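J.: Given next are the chains, with one letter for each unit.
Number of protein chains: 2
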Amino acid sequence: MGDLKIILSEQEIPERWYNVQADMPHLPKPPLNPVTKEPVGPQDLAAIFPMDLIVQEVSRDRWIDMPEEVRDLYRLWRPSPLHRARRWEKALDTPARIYYKYEGVSPTGSHKLNTAVPQAYYNKKAGIRRLATETGAGQWGAALSQACSFFGLECTVYMVKVSYGQKIYRRSVMRLFGSEVYASPSEHTASGRAILAADPHSPGSLGIAISEAVEDAATHSDTNYSLGSVLNQVVLHQSVIGLEAKKQMEKAGDYPDVVIACCGGGSNLGGIAMPFAYDRLVEGRNIRLVAAEPLACPTLTKGLCAYDFGDVAGLTPLLWMYTLGKDFMPPGIHAGGLRYHGDSPLVSQMVADGIMEARAYGQTAVFDSAVDFARSEGIIPAPESAHAVRCAMEEAVAAREAGVSRVILFNLSGHGLLDLSAYDAYMNGNLEDYALPEEQIAAAMAKLPVVG
Amino acid sequence: MGDLKIILSEQEIPERWYNVQADMPHLPKPPLNPVTKEPVGPQDLAAIFPMDLIVQEVSRDRWIDMPEEVRDLYRLWRPSPLHRARRWEKALDTPARIYYKYEGVSPTGSHKLNTAVPQAYYNKKAGIRRLATETGAGQWGAALSQACSFFGLECTVYMVKVSYGQKIYRRSVMRLFGSEVYASPSEHTASGRAILAADPHSPGSLGIAISEAVEDAATHSDTNYSLGSVLNQVVLHQSVIGLEAKKQMEKAGDYPDVVIACCGGGSNLGGIAMPFAYDRLVEGRNIRLVAAEPLACPTLTKGLCAYDFGDVAGLTPLLWMYTLGKDFMPPGIHAGGLRYHGDSPLVSQMVADGIMEARAYGQTAVFDSAVDFARSEGIIPAPESAHAVRCAMEEAVAAREAGVSRVILFNLSGHGLLDLSAYDAYMNGNLEDYALPEEQIAAAMAKLPVVG
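Top to bottom, those sequences are chains A and B.
Numbering-wise (our numbering), the first sequence opens with residue 533 and increments by one.
Numbering-wise (our numbering), the second sequence opens with residue 533 and increments by one.
FYI, nobody ran anything at the bench for these hints, they're computed from the structure.
Heads up, some of the hints might be wrong.
All copies of an identical chain are treated as equivalent in the list; a pair is satisfied when it fits inside any one copy or across any two copies.
[Said to hold, decoys possible] SDA-like mimics (lysine to any residue), calculated; alpha carbons at most 20 Å apart, straight line:
id	residue 1	residue 2
1	K622	G684
2	K657	I586
3	K537	E600
4	K657	R548
5	K779	S541
6	K783	S541
7	K622	E600
8	K783	Q543
9	K537	V637
10	K779	I539
11	K537	A623
12	K783	I539
13	K561	M977
Computed from a prediction, not measured in an experiment: that's the story for all the values here.
Turn these sequences into a full structure, and let the hints guide you.
T.: Written out as structure tokens, the structure is:
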């Protein structure tokens, strides 16, 4: 029997990130200044981002070099392993061959550190003293806190209030690495105070927390803003996942028919899928790319591809993306990282162009599959990643039913050891499967700014 | 610069465990039947252990083959990486070269699965339907639950009551893998009921939980008992850690001057140290082996090497080991896995014979070093493993002060992602450094049974 894990050496960590902007048939429409509605220029972004990252945001170069300092830190946990899920295949009685790239080996337990490290690096290099950011369930806040600690940067995290109370251990991780963490909406920003004035009991949302972090960065000259998903630079940095996975599939002597990842803001999906999108777009290979999202926040499957704000206060540029409207308040599912009204413009454009598919799943189905997976493979998936597990399971069952072989690759973007309360809710029969009324979605989208 | 991680392939997982009983100058005195005080024979143990494990317990063969089924499961996460702590060396400004074997890559996050898998395998092979065990902080209960799930065995876990309330997420892991978990002392056993009758508010202890699990196994013919530490079979199974580490040190072109691990019952220490003890005992190499234990439960540094029970009720055989007396109740330190009155007889004999050293540390010093380590290396150590981190730090500082090079290898037996409340207590200044009065230790040991 072949190996269960396909391992690369540290020398095989890619030396360049892959930038899918070089190869897309259509690029997303450009971000617009929220006031003038004109395309943003570098100067609009310079108040909150260092120039190296602004350049990456708009670059059309296919390959972008990784700085040696970033690659050195990647070596603490990368390359991540590619697992062949032989025990799960057997449990599913499927002729499919299932592979998963496991990003849970990073010290904070998810793929988020792949972009946190370069973002901290470029900001440090630009002389910035502090980064401000938002976090939902806390994966991103923990990763950026760690990256800032590596580079001696200070870090302020606005954490969605409902998660601040629930995910106390992710908060502990952020503190351990020296960050300040505020429950958002907070009294520390004008955006936060405005929300609190209107609703002192606001549970917060990612959109609100983004407003606070952007305002903090824009109003302090020594402070920049950092975002863990959505942006082109994030998808670029995360391409390290797919680049490694391609080498590993080659070592396994296999090639995927389908590549799957969960999708909230699109970073782990973009990370694994874009290097394979290259094969499809440039090499003409026949490969499917699938986004798995929650039924409770069905951005790609029910939203519109249109201009919208990234945050609730309307401080960010208008982004061309699939969105449910910035005021859409998704139900409180356990996959906190998938509760975002919008999506990566790059992922959105690929879906709009039919290059990528999207599917939505309810919580119970997702946890059913996650528990099955854990009992076969040992690893307890993060609730977000469990959406990809569900989708992979459906592909494997479809292969069995069709009596055909199929090679399935999915990204297991993180482990669930800090999300066990979600599994408790599942085991106790307390998970709700939110069926969103179509009117609620339509109402949120009716408020979209009419632009472009 | 060389690699940060020294990686082995799955083919390099050892095919045999190393049994240090073959090479010790003196073996510990034999276990005694608790009633007759005569050495126990296989028949005494057959009520709670399968014959394959009884044979391993007393074997003097130097090498014992790993069953292919066990090796196949090891491949889910093994070989574990050996890291060179370059960033921490730099932070400590030490000429020492520091390596750590990282067992936190196992799906339940610690080394415990290394023995849980073979124990479940041999019991399944013997036709057993269910295993009963005890757990403190829950690392062992989680690992055995997962191993039982792999082999389709049922599992009942008696979890020390104070941890049952605190470590709720380790409980979730056990449930996820299908185990029944009871707070101990419980109403399910006569031992538990007796303790509750005397003290309805008993917080429980490992010694009490062992009594309950042993009784459960002894009184059900389809049920056996499983123990996560102390026993010779456990030290045998854990030797996979040290055997891998030896190959990895060789690949790194280095050899340790000192090997360090934390010590509660002795399983992760025995696991990494015994294969190096072979080098010292058989090859005559000059290598130090060091046990790091808590000041709050100083078994090896303040206890006596004598016959004592493994449990509170006196149901287990009398073991020849360092002990503080079965009634010693250690303060509630966060390293729950190190709160055991006794120790592995094999480790004890090695300490008694001067082959192994022991040092004890207070909680605050341990967490100081753990946070420093995390900020350099990224990984947050389990509170137990943090004792080894502290000891390694002292060795590195001593090397700097002496102006000499030194090669330090320690076992990072698990990550602390399910122990973050301990780090919160540390960061909030709420850690107590228990200074045990000598009289308390003397009083506990005065109650030792006078045997042998």
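J.: Now look at each hint and say whether the structure bears it out.
T.: Okay, the hints, checked on the actual structure:
1. K622 / G684: between (47 Å within a copy, 15 Å between copies)
2. K657 / I586: within (14 Å within a copy, 61 Å between copies)
3. K537 / E600: between (27 Å within a copy, 17 Å between copies)
4. K657 / R548: The answer is within: 19 Å in one copy meets 20 Å, while 51 Å across copies does not.
5. K779 / S541: Both: 11 Å inside a chain and 17 Å across chains, each within 20 Å.
6. K783 / S541: Both, since 12 Å and 13 Å are each at most 20 Å.
7. K622 / E600: So K622 and E600 pass the 20 Å test across copies only (18 Å; inside, 42 Å).
8. K783 / Q543: Answer is both; intra-copy 15 Å and inter-copy 16 Å each pass.
9. K537 / V637: both (13 Å within a copy, 13 Å between copies)
10. K779 / I539: both (10 Å within a copy, 17 Å between copies)
11. K537 / A623: The answer is within: 18 Å in one copy meets 20 Å, while 33 Å across copies does not.
12. K783 / I539: both (9 Å within a copy, 17 Å between copies)
13. K561 / M977: within (19 Å within a copy, 77 Å between copies)
Every hint, counting from the list given before, is met by this structure.
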